[in-house]
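Participant: From just these sequences and the hints, can you work out the full model?
Protein chains: 2
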Amino acid sequence: MRRAAEWVAARLDFAGGRVVDTDGQPLVLGEWLGAPGAPTILVYGHYDVQPPGDESEWETPPFAPHVRDGRMYARGATDDKGPVFVALETARAFHAETGALPLNVRFLIEGEEEVGSPSLERFLAARRAELAADLVVSADGAMWRASEPSIAIAAKGLLALDLAVTGPSSDLHSGRHGGAVQNPNHALAELVASFHAADGSVAVAGFYDDVTELAAADRETLARVPFDEESYRTEVGVPALHGEPGYTTLERLWTRPTLEVNELRGGGAFTVIPRSAQAHITCRLVPGQQPEAVLGAIEAHVRGAAPHGVDVRVEVEPGAVPAYAIAADHPAVHAGVEALRAVYPAREPLLVRIGGTLPAAVLFERTLGLKTLLFSFSTSDENLHAPNEFFRLDRLEEGMAAWAALWQLLAAGS
Amino acid sequence: MRRAAEWVAARLDFAGGRVVDTDGQPLVLGEWLGAPGAPTILVYGHYDVQPPGDESEWETPPFAPHVRDGRMYARGATDDKGPVFVALETARAFHAETGALPLNVRFLIEGEEEVGSPSLERFLAARRAELAADLVVSADGAMWRASEPSIAIAAKGLLALDLAVTGPSSDLHSGRHGGAVQNPNHALAELVASFHAADGSVAVAGFYDDVTELAAADRETLARVPFDEESYRTEVGVPALHGEPGYTTLERLWTRPTLEVNELRGGGAFTVIPRSAQAHITCRLVPGQQPEAVLGAIEAHVRGAAPHGVDVRVEVEPGAVPAYAIAADHPAVHAGVEALRAVYPAREPLLVRIGGTLPAAVLFERTLGLKTLLFSFSTSDENLHAPNEFFRLDRLEEGMAAWAALWQLLAAGS
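These protein sequences, in sequence, are chains A and B.
Read left to right, the first sequence gives residues 1 to 414 (our numbering).
Read left to right, the second sequence gives residues 1 to 414 (our numbering).
Simulated from the structure, these hints should not be mistaken for laboratory data.
Check the hints yourself; a few may be wrong.
[To be verified] Every beta carbon over 12 Å from chain A, so not counted as near; a handful from chain B, in silico:
| id | residue |
| --- | --- |
| 1 | 14 |
| 2 | 96 |
| 3 | 122 |
| 4 | 127 |
| 5 | 158 |
| 6 | 187 |
[Stated by the list, open to error] Per the computed footprint, the stretches of chain A lying under chain B, defined by three or more beta-carbons under 8 Å from a beta-carbon of chain B, are:
| id | segment |
| --- | --- |
| 7 | 37-47 |
| 8 | 76-82 |
| 9 | 241-248 |
| 10 | 264-274 |
| 11 | 292-299 |
Each residue gets a CB set at the ideal place from its N, CA and C atoms; glycine is no exception.
Facilitator: In structure tokens:
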């Protein structure tokens, strides 16, 4: 980790690049502030990566980069080293060619993004003055599709919790005790089944209460996004799409909150009535929803639906975050769209939303009061978190051209 | 395995004891047929044992027998080596003292009971003549309680199946795809929840169709069995007992069929919509029910309840067996009760039922046309299949006295 941080810091030698300790992994700071009167941006990215997983699934070793067909294959190539490199090289190129950047730039490249940025909030709070800026520009957060330049203007929030059903004091033989006690597997299934209506909507009272409903204009914008439901169905490989009625699939993916049971776990494939059964649940939240309120609704639902003969407990995981959004007409979004148009003149940029979560963007807003423009040149098909992660090499030059245009536009707009 | 079989065969030297190969593990045969005109019994037991499990949970090593407080601790001590030893030593004692047994005795001590006796049916069918008898007396099948001599007159049948729900073609990120596809965990929970009514009865149409309802006399007999529901509740450690209404807990345990979901398994504790989710299910069957008919009812229920947007499959495990029962007024049961009275004059023997399964008894009936008297001196509290399995040593002499009395009664009753 420290070697990676030192490598990043060295690339920022012209900007005082340095490795700084946190409560967890070190991060890298740097700043070039030679443009008085121009705005200041804080460039965010991360140098940490996911574990490689089963290395036998990799065509080439995860930590030995290989170039094939114009793509660099390596763990971290697209999440987030390639996109961070684009930002660093943009700054270096400006500095090398003109001796200056078009605006003031601070850098914060962290090492804990893949584990939920646990040290970041405290670090930001302690360094407010040192990080003062007008806008965060993030090199993290993938584009939607390789063929369509896009800017994400919203990311869902996240609430993770565990549901535990406890019955007998030890595992029981299902032959000797079946029919006399509530089976925790049955009780868990009953609870999990109660979370959704048959139509796919969440059946927890109050779950949708604080959701900011889409404005007609937003729905029109979404309807213009090219999205073929049948292609999507084929891509994910399901017999039929399924979800909350009253919304298109894209509206559900991008703008509706969800409650997904990620794990069911109880007993084993033998004649047992297990003493307990567990579910892991994650809710994706949308603007308006607060994690605490959603948790409260789920807890009340579970209390009301708790089956007979067992104990039921809900435990929330730390690190819940609300949704993040930046207005479609925010000046930074306008500048981002213009910068993409300059590089991809044939393809009108799309404003998209992300079903995943961007805790850092929420933390920048909460701690520093800054909006974040997501301006990554990663694409969501590049095997993020999976074997054979790659980064399209032509995105390096496209990305640098777009970042350069963005900085000039932001400088001019000030 | 072979050494254990050879040890048993050697104990039957006076009866031509020999190790015989099967399609699987060897078994031991032997016979003493020197009582012309007297009935012939087939003594059944098994020399194989369960795996020891986590050896750190054993107070003394599972395969080094230790005697403490009048109990022998070892894997297999009570299931089924102690009870088999009782039968073998009864025969040896008769032979040593009188040069003869009171009736004709064949022995069949198998080595595959703990894995469902997969080779036994074929073996029995091929050796019908060699195994001809009037009755099977089983040294397997534990007594209900140490304080109450008992004979089990019924054991439930078993039907095991797996339920698999398949959704997307690969695991999906629950942030990126949540809300657009049916989550196999949700679908599995919906199906599992549909198997039971809230009152604990099985809600699968046709499940109870062929159940032979208890006669009033049977219910009266059961009502006289000492059974304290509150003690039972405390013993299993549940906040409340739970089960099919209209029956006492003991009636449910001993005479009602059950459908228990032993395992729920899907996804993991991370942000995934799993491609599939599984349940392992075992049904305990009672007299009248056929495994094939119950399977058909479950398959029809699953077809009718299959949630939208996923594929659902039911796969039956091999080895399903119907219930076993011997009439309470069968002469062999009378003889068994008399033999227990002779050894335990202060305690009237109980006729009990077993929630577990006795495939061998079903096979003896189906293949050889023989009823089986369960006459074991194991007790169900002796940690069968668990760490610290033990056998009460005073049961050795009590058991031999009872087996001797039983044989004399059966001989006299002929």
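Participant: Since residue 96(B) was said not to touch the interface, does its Cβ keep a gap of more than 12 Å from each Cβ of chain A?
Facilitator: 38 Å, holds
Participant: Apply the coverage criterion to the segment 264-274 of chain A and chain B: a residue qualifies when its Cβ sits closer than 8 Å to a Cβ of the chain, and three qualifying residues are needed.
Facilitator: With 11 residues closer than 8 Å to chain B, the segment 264-274 of chain A meets the three-residue bar; holds.
Participant: Is it correct that the beta-carbon of residue 14(B) has no partner in chain A closer than or equal to 12 Å?
Facilitator: Non-interface label on residue 14(B) holds, nearest chain A Cβ at 37 Å vs cutoff 12 Å.
Participant: Can you tell me if the segment 292-299 of chain A counts as covered by chain B, using C-beta to C-beta distances under 8 Å and a minimum of three residues?
Facilitator: Violated - the segment 292-299 of chain A has 0 residues with a Cβ nearer than 8 Å to chain B, which falls short of three.
Participant: Since residue 158(B) was said not to touch the interface, does its Cβ keep a gap of more than 12 Å from each Cβ of chain A?
Facilitator: Violated, because the least Cβ-Cβ distance between residue 158(B) and chain A comes to about 7 Å, which does not exceed 12 Å.
Participant: According to the definition I'm using, a residue is off the interface if its beta carbon is farther than 12 Å from all beta carbons of the partner; does residue 122(B) meet that for chain A?
Facilitator: 24 Å, holds
Participant: Taking a Cβ-Cβ distance under 8 Å as contact, does the segment 76-82 of chain A have three or more residues in contact with chain B?
Facilitator: violated (count 0)
Participant: Decide, holds or violated, for the assertion that all CB atoms of chain A are farther than 12 Å from the CB of residue 187(B).
Facilitator: The claim is violated: residue 187(B) sits with its nearest Cβ about 9 Å from chain A, within 12 Å.
Participant: Against chain B, does the segment 37-47 of chain A show at least 3 residues with beta-carbon separation below 8 Å?
Facilitator: violated (count 0)
Participant: Test coverage of the segment 241-248 of chain A by chain B using CB-CB distances below 8 Å; three residues minimum.
Facilitator: holds (count 4)
Participant: Could you check that no beta carbon of chain A comes within 12 Å of the beta carbon of residue 127(B)?
Facilitator: 29 Å, holds
Checked against the numbered hints listed earlier, the structure breaks hints 5, 6, 7, 8, 11; every other hint is satisfied.
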